[in-house]
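Peer 1: Since chain H is already given, all that's left is putting chain V on it; use the hints.
From first to last, the protein sequence lines stand for chains H and V. Numbering follows this note's numbering, with no gaps: position 134 of the first sequence is 134. For any residue, its number in this note's numbering is found by taking its place in the second sequence, counting from 1, and adding 235.
One or more hints might be untrue.
Unchecked claim - Quick list of in silico lysine-lysine cross-link-like pairs, DSBU-like style, CA-CA up to 35 Å: (1) H/128 with V/717; (2) V/492 with V/335; (3) H/14 with V/580; (4) H/52 with H/181; (5) V/515 with V/719; (6) V/289 with H/105; (7) H/26 with V/641; (8) H/52 with V/467; (9) H/176 with H/223; (10) V/704 with H/52; (11) H/5 with V/719; (12) V/641 with H/127; (13) H/176 with H/208; (14) V/704 with V/467; (15) H/26 with V/719; (16) V/703 with H/135; (17) V/580 with H/128; (18) H/52 with V/703; (19) V/703 with H/128.
Please keep in mind that the hints were generated in silico from the structure rather than gathered at the bench. From a predicted model like this one, the values you see are computed outputs, not experimental measurements.
Given next are the chains, with one letter for each unit.
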Amino acid sequence: MIHTKDLSKAYSGKRVLKIDELGIPKGQSFGLVGNNGAGKTTYFSLLLDLIKPTTGNITNNSVVVDQSEDWKPFTSAFIDESFLIGYLTPEEYFYFIGELRGENKADVDSLVAQFEDFFHGEILGQKKYLRDLSKGNQKKAGIVAALIGSPDVIILDEPFANLDPTTQIRLKGIIKDLAEKQGVTVLVSSHDLMHVTDVCERIVVLEKGEVVKDLETNEATLKELEAHFSGSEQV
Amino acid sequence: MKLKHFLNLEWKQFFRSASFGKSIAINILMAFLALYFIGIFLFIGIFLYKILGKVNPDQDALTTLNSFLFFYILFDVAIRFFFQKLPVMSVKPLLPLPVKRSKVVNYVLRKSAFSFFNILPLFAFIPFSITLIVNDYPVISVLAWLLAAIVVVQIINFLNFILESFSSERELSFLPVIVLVGSLFALNYFNVISFSDLIAQGFTAIYDNPIFVLIPIAVLVGLYVVNFKQLKSKLYLDSSLKTKVAVVNASNMEWTKRFGDIAPFMQLDLKLIWRNKRTKSMTMLLAIGLLYGLFFYPQPLYRDMEFMFAFIGVFSTGFFLINFGQFIPAWDSGYYKMLMSQNIKYEQYLRSKFVLMIMSVVILFVLGIPYVYFGWKILIAHFATAIYNIGVNSHVILYGGSFNRKKIDLDKKAAFNYQGTGAVQWIIGIPLMILPMALFGLTNWLVGFEAAVGLLIALGVLGIVLHKKLMTLITQKYLDSKYKMIDAFSQDS
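Bound conformation, chain V alone:
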């Protein structure tokens, strides 16, 4: 089994999958985003030397940069945790074949070394190093520094996988990384241990004495070995065959009965959310959505930018709506055939999802009421966006669901299952958030705050009034794509 076989398999997997048509559109979008980021990093890399000279004229540019590297590393760890996913490969068919397990693992890990997240920093580091050399810095030292920077990027890469596999086995998926990054930042901020100085000194030492670059390389090798062992231990069939006796906590959920004919579906949806890892970790993310405003509102800068209220409002009250809604009806893809042959009314099935999303918006809005601390305008804006989410975004996302052609495998254990997560998931949410923000911002700027709030509420109320009509339309759309969905959901990738 050669490398080319692996590459060949992945190539076929990509081009022969049922969702190929859809993923190509997303891939084009991703390519544009990638180019955009490359441009930004390139720009930073070329002008960083000058910028740093301006920021701190008394200090050598490289020394200034070194003192910032700690924050770059922290940021990178946090970003990667949410966006970068372990490169996936369906290994099960390979296991009985004469391929060494270590070869499969090595391939998966090495492939990750060339991830976009690792290439991107090079676009900044390399031009920066060139400007250093042009400015008469010693070539050997600069190259050692550059090598150290690249190695550190790879260290973050492999550290991230350890963090991810660690957290994927636990319920509170994203907690470890937040605790880690948060506590490192806090220790540094309160000068308990000055990591930023430590890192800066480390890089300076490598610059002064290139032999020290061996230390980060040793760390990298160590992390690679840990990753290797961890993945290899998961590469056994019994980890997927082993009969895990899950203790069932059955509850009757009698309270759903008051929703009448949609009660069975609501019970099913709630069980879906609680009993599957994929959906469970999504629910945990709700906390982030809710606290999202805290990134912005404490800073007076943002409190004056009123259009941001709309964005944060849509995001924090609609967090569940966007994350859950965009995979309707793919959540049920595993047994979609059965649902379609059952005596159900499509409209009820969709209405159950709708009610669930509406409830989440209301709950998130209520939980977000304390934002009033940062000003009553914020609360009013959040209220308007909550109405907008209920009336407009909920219908839009349900309608969008009828274009869903990708199966979600809920049964898969978390180790090799990252379907439908990652950057793409966030891109789909953009129009849902940008449009109300633009409407709000524009009206706010042209007319005034009251008018902007009024516009969002009016649109939301309009959606609520037309709910019945819209649902009929959406139901028809789902019925029209019934055969296509059944066909796509019965394909494996």
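One chain only, chain H, in its complex shape:
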């Protein structure tokens, strides 16, 4: 589904990302972990064509993302709060995204209704603008907006940060469901090793912009990751 080839990104000569080869098959739940500055957000930004690659490219369903915009209809993302439009209510925001993705109000309503649980009664029908919601609630709205229009690829940057424990658990359920039952390719980044190992079938560790580990998730994965990040790994 997503194929990365010879990709690198440098800012004034300093390389921040270098991935020679990385393929993500359709329907995989893919986790990206790494310390601050490892290049997680840079990779996602490249995937969304928000920044220009220095060399190489990413192909999304055989569309080269920095050359054509044809990947947009089947790809959606929530990177940070700057993806929200502060002066809209959550409902209006969902409808707006829906219109951009060719869904009418009824489609959006029926999709959003499935997430009543996830919203915990704090998003819909509040008569509040998104800018007046708390950070956690903004995040919930942004994540659900990324699910509108049944995309094939969903990119979520740090989806677990700022969420309360109940919502984190529900979000894990949602992500698993998307990948396993609906065949959606989900890309998630996180600092929380436990959450990614719970959710993702495959975990890639970035360090200083390079892939240092590429693991199929099993019982030993969490231990291995913890060992890696604590620096006590046996070589």
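Peer 2: Below, chain V alone, put in the same frame as chain H:
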């Protein structure tokens, strides 16, 4: 925390901001404007004594000047309200640090005392005082008079901030100042209370008896204290953290549906305009744009200057176009990343803005039809400029928008938010207004009124005919600067 730290912070803020390259060009332009005004004031200051002697030979020059001071003060209050803005400082990061709140407030207020608006009058007052002394006026009295004048300038300075903070919390932002200045002027004009005499007597009293200068100084101190208290009360985090429950008035705006594929964007733009303070107060300014002609047309002097018709026409029919247009796409800077990753056609996004601007031109022209009262030529000229605005200026301003690199923070409360307002905003509009005025004036002078009107209409129609082509060009330009814009809009200052 010393003064030098504050200055250091501001210095860095200025030189390290993403829009630095652009703002330096504007700053150079501003510097030239500043020099120009300084020159004018200096000229006035040096020759004022002689001029006043000519205007009213029977009266002492200083007495004549004193009788005009009231009008100077009124004018200054009005001008400052629109052009001078409270000196901004991003205070939030300072709040948890061991800096006394009063220190921050004092710094912000004192800095404002050295604003260009306060320095400029000195270039007139000081040379004038020197000529007085040269002409054998008593030195002590002249100095007292000069001190009083300087103090009055500072009084206006601090009065303006009170007015601004008062009006920024209300919807009709500029109404208070217009009411205040207007009613003072009217009371004076109809001799209900002669403020001009009162002010003149006050200054004469200070001149005769310098001890009276203490009175304006006391007023100044009082205003400073009021400002201090007002700002200090705003320096708390909860004024920005407090969850203000805005009552949402949701409307479907079904009528936008007839615009087809651009409807979602138009709805978004309309909500943008209605739901944010920044844009809302801009819409309120429309009234000024519309009534702008009333400053000129009632005077027969201007009614004979036909080239002015074009200027006023472009200004009043294009007021929204210029004010809204020059911040495309910065209005959407807060969520630009999201828009760019969405399945949208850039052309639709821009066309929605375009349609909005065109609608505003048509509405403003229709509302301005009563100007026909001052002569049919005016109406025809306004019609020509409306066409010109639709065909030429709209495209120019959209094209110019692709050079926009400065983020606008719509969420910020009004108290410390003056981004993108002030003098700069008006300078950008100049070529849009001067060019059609020059074309119109020149053709009118060389050939005739009909030809001049015809030229503007022809240019406008040409733009309308080429609309599709121009939009493709403009869209390409936006696409080319996509990465740069995303990068600039994700920076905070």
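Peer 1: Each hint needs a verdict: does it hold in this structure or not?
Peer 2: A quick look at each hint next to the structure:
1. H/128 with V/717: Judged against 35 Å, a Cα distance of about 32 Å means the pair holds.
2. V/492 with V/335: Since the Cα atoms of residue 492 of chain V and residue 335 of chain V sit roughly 54 Å apart, the hinted pair is violated (cutoff 35 Å).
3. H/14 with V/580: Judged against 35 Å, a Cα distance of about 34 Å means the pair holds.
4. H/52 with H/181: holds, 34 Å
5. V/515 with V/719: It holds: about 28 Å lies between the C-alpha atoms, which stays within 35 Å.
6. V/289 with H/105: violated, 75 Å
7. H/26 with V/641: Answer violated: residue 26 of chain H to residue 641 of chain V is near 39 Å, above 35 Å.
8. H/52 with V/467: Distance ~45 Å between residue 52 of chain H and residue 467 of chain V Cα, so the pair is violated.
9. H/176 with H/223: Measuring from Cα to Cα gives roughly 21 Å; hence the hint holds.
10. V/704 with H/52: holds, 27 Å
11. H/5 with V/719: holds, 24 Å
12. V/641 with H/127: holds, 31 Å
13. H/176 with H/208: holds, 29 Å
14. V/704 with V/467: violated, 54 Å
15. H/26 with V/719: OK: residue 26 of chain H and residue 719 of chain V at ~32 Å, within 35 Å.
16. V/703 with H/135: violated, 42 Å
17. V/580 with H/128: holds, 29 Å
18. H/52 with V/703: holds, 29 Å
19. V/703 with H/128: violated, 39 Å
Consistency note: the structure conflicts with the earlier hints numbered 2, 6, 7, 8, 14, 16 and 19.
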